[in-house]
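J.: Spelled out from the first residue to the last, the chains are:
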Amino acid sequence: MSRLFRTIQLGLKNLLLHKLRSALTMLGIVFGVFSVIAMLAIGEGASQQAQKQVLELGATNIIVISQKPAEGSKNNNANTSVLTYGLLRDDYRRIRETVNTIVDATPIREFSQPARYLHRNMDIRLVGCTANYYSVNHLKMQSGRFISDRDQEDTANVCVIGHEVAKTLFPGEEPRGKAVRIGQVFYSIVGVTDHRTASAAIGGSLSGQDYDKDIYIPLETLRARIGDEVMIVQAGSRSSEKVELSQITFRVGKAEDVVATANVIRETLAKYHADKQDVDLIVPLELLEQAEMLKRIFNLVLGSIALISLIVGGIGIMNIMLATVTERTREIGIRRALGAKQTDITQQFLTETSVLAGIGGLLGVGLGLSTPYAFAMIRWIAERAFLNQSSKSGSRMFEMFSGLEPVVSVWSLALAFGISVAIGIVFGIYPARSAARLDPIEALRHE
Amino acid sequence: MNLAAELIGLEKHYDLGPVVVKALRGVTTQFAEGDFIAIMGASGSGKSTMLNLLGGLDRPTHGRYLLGGEDVSQLDDNELSQIRNKRIGFIFQSYNLIPQYTVLENIEVPLHYRPGYPAISAADRRWCAELASRVGLEDRLDHRPTQLSGGQQQRVAIARSMVNDPDIILADEPTGNLDTATEEEIMLLLHQLNREGRTIIMVTHEEPVALQARRRIIMKDGVIHKEDFGQHLPEEIAVQLPA
Ligand SMILES: Nc1ncnc2c1ncn2[C@@H]1O[C@H](COP(=O)(O)OP(=O)(O)O)[C@@H](O)[C@H]1O
Ligand SMILES: [Mg+2]
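Chains P and B, in that order, are what the protein sequence lines are. So in the working numbering, spot 362 of the first sequence is number 362, and the numbers just go up one at a time. Plus 447 on top of the position in the second sequence (first one is 1) and you've got the working numbering.
Here chain P stands alone, though its shape is the one from the complex (with noise of 0.2 Å):
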């Protein structure tokens, strides 16, 4: 032990004689170990985010969305013609009905509208749902209630808004017992809903989600009300779309029959919407999976690009001790002819390298630490950069940016460390190998 500790602080000395040396010497260690660790902790952190919005949208659902069919593929005569697309009342019933292992349904319509109240004007979205679409999305009331099953049996024209609708529209007032137009249409207000954060888009087929500009209507009242039928004006240009249903929730009883009722659920809309390719099915519990696949691809990726840094630095660490031992040649002669064995030169130069290793692994970890900070300036300086270029790709990868947290974790801060002592002793063997083997009467004349 006290021969071990003295044989460290004999490296460190020889380490402090070449300052500068050390010091270059150990960078390459240092940001491999840094490296090595900031990429470890994004992937983690880009498969919690993922968790999270899988568990945001259910492991248990299956999420089937109407989408509107590719440009071209139907014969629409510009502004007057109707586009006709999206998932059926009847795909509901049919799926709600011949497969057993879902457990609850949640059908919407959606679009934007704009909303009025007084003089007051807002652009929302509108969302004919079922009462429980209020549990499925996580919906909390600031007050009031949401829509009940007897608003949708009375097709009521009552309606739950927004908090930040609530903010716009009733500034200082209480909302509830008021009634908000749309279209041609009075809503009176039964609830106000909490402020809940927007969710992430995922995987590019479901757009992020900001609930706080919602106003919510009985789905059968949407029906009755408006029709499937609803105008959209956009770039000057009118057009109107049919669509019965904008998108089903299902939810599944056990995790383990999701893949399998996805498929049954895939097969079923196929018949139907084979040629139009007008819905989507969206199944969290495979997203999750995917993620977890993209994960092990960016650990495998990345860490091998930080593991050959941490070589290169090995590399680093060789040519310096090679160049040391033919320094010292003379030194190791001297040692020898006062009684040094060759295990005693091997570990004196391998104490040196991994002391030098390790006080590299040590700052590296220091640095790996601060990668949360590091990432963060990273995207400030990234946002402002993308302000300017609003590209579509751009965009998209932002939001996947914005939303990362690197989550440093202990174990790979661990094995960071771990790997740069490895890399101190592997790298290390050969020079401090052929110091030990030097004649020690030819290392004697060395000048």
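The set of hints was computed from the structure by calculation and includes no laboratory data. It is possible that part of the hints are untrue.
As the list claims (entries may be wrong) - Facing chain P, from chain B, some residues (calculated, C-beta under 10 Å):
no., residue
1, 478
2, 504
3, 529
4, 556
5, 608
Where is the CB? At the ideal position from N, CA and C, for every residue including glycine.
Given chain P, put chain B with the ligands in place with the hints provided.
T.: Only chain B with the ligands this time, still in chain P's reference frame:
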């Protein structure tokens, strides 16, 4: 008479591929305990080779080397390292101190390689400091070799050679790099060690230095060419030595 060392038909060959250099071609001699021996001879006659074999830095090609009665000619590297550590003290022409170490640390180096690797104790440190003061360097303990003169460096080397209380001190041209006055100081120290009973074997080129030994061996082409005995101490040294 006890023998410090004995060489029997000692040969050392260097295999250089196409040619084999026979540096020693059969050396047989005995070194009495407490003797002071000078080895002389032309350059390339095999003096250093013989000293290296005596010091356990190398193994003979043929023949036997008995150190204090024990055959050490076939020991492995670890065993030879122990012999060098415990029983041999080396003094080199070019001092061979470790440049990044202080005087005291240089004297301590052999202690790091003692069998069992005991920690260096306070008593060890006192012993090293005492050795330093015996060679007149008590106020230079924290100096580094580059801050010392050649003679001072060689005195550090002498103190270092003593630290593990060796049987034999081997010196390869210990005064080769020094001026006459300094040479005298170093020789005085060697004489003092010899008076304590230590066997000294010293390679030298200089006739006056060799004459200070009790016995001279003259090497030629890898064998002992001539020997003679008798000690001629210069006045300046003789007066400083105990009777
Ligand atoms: N390592 C070696 N390899 C080859 N030849 C050597 C080696 N060491 C010594 N020699 C040769 O052995 C002979 C004796 O050398 P050495 O003992 O150094 O002579 P001295 O010390 O008397 O000058 C010389 O011819 C020298 O060239
Ligand atoms: Mg020589």
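J.: Hint check: is the beta carbon of residue 608 of chain B less than 10 Å from a beta carbon of chain P?
T.: With a minimum Cβ separation of about 9 Å from chain P (threshold 10 Å), the hint on residue 608 of chain B holds.
J.: Hint residue 556 of chain B vs chain P: min CB-CB distance below 10 Å?
T.: Since chain P brings a Cβ to about 5 Å from residue 556 of chain B, closer than 10 Å, the hint holds.
J.: Does residue 529 of chain B hold up as a contact with chain P if the rule is Cβ-Cβ below 10 Å?
T.: holds, 7 Å
J.: For the restraint on residue 478 of chain B, tell me whether the closest CB of chain P is nearer than 10 Å.
T.: violated, 20 Å
J.: Holds or violated: is there a CB of chain P closer than 10 Å to the CB of residue 504 of chain B?
T.: holds, 5 Å
Going through the hint list in order, the structure does not satisfy hint 1, though it satisfies all others.
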